[in-house]
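K.L.:
In the working numbering, the protein residues as written are 1 to 231.
Since the hints were made in silico from the structure, they are not lab data.
A virtual CB, placed ideally from N, CA and C, is assigned to each residue, including glycine.
No false leads were mixed into what you were given.
Label-pair ranges, simulated between beta-carbon atoms:
1) 187 to 112: 20 to 30 Å
2) 29 to 129: 32 to 42 Å
3) 162 to 191: 15 to 25 Å
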Amino acid sequence: MRRAFLPVAVLLAATVSMSACSNDNDDEPAQAQIMLVHTSPDAPNVDMYAHNKITAATNVGYGTNSPYTAITASSNTNVKLAATGTQNYVVETNTATFANKSYSVWAYDTLNAITAVVVEDNLTAPATGKAHVRFFHLSPNAPAVDILVNDSVYFNNRSYKDFTTNAANTQFVAANAGSYRVDVRLAGTITIPLSIPVVTLEAGKIYTIYAKGLEGGIGNLKLGAGVVTHN
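When you get a sec, could you build the whole thing from the sequences and use the hints?
P.N.:
This is the structure in structure tokens:
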């Protein structure tokens, strides 16, 4: 009788072992990825924390961005920004993040009013010969603008931080790969306060072009533009 039960005991042990392995895999936290874009013109370089742990986004200066860094996906992801090398948090935000999704954290406005918003980035590959592009207006005192690409309006009447209240403005649009002149024009006028002579969009790449700085600013604070390459 004991011999009859031996295979059953071995089978049960194997089943428990496999179940334990399966549970170990199930316990691995789901991952999202997140990057930081610093557009606050008078703020110092910053480090980014997620879930109270420092991320790979460290010493990020104005007008630059970090690479994407993996974090644990969560329905309540806490993100904080601190002056580099400190835990003196200047801003924090909470958002839901989901497994296998990509997000960018945009720090904007002047230091005394600095704000952060988390935007989901759709990194679906563009079609052959195409790039994906979007525009964010992040100059706090500049009026609404139109964005012209080789004299054709690509983004119309975009106002400061309007992507935070209108999700449609966070979406990328397809463009033919190539080199372009990009003009930032006061909405509804022919006045062009900012022009970027050459912006190269590579096939298969995904970009955010953003206005930064201050209208009437000088030096590092002058009105300008930045480009984030997401892939």
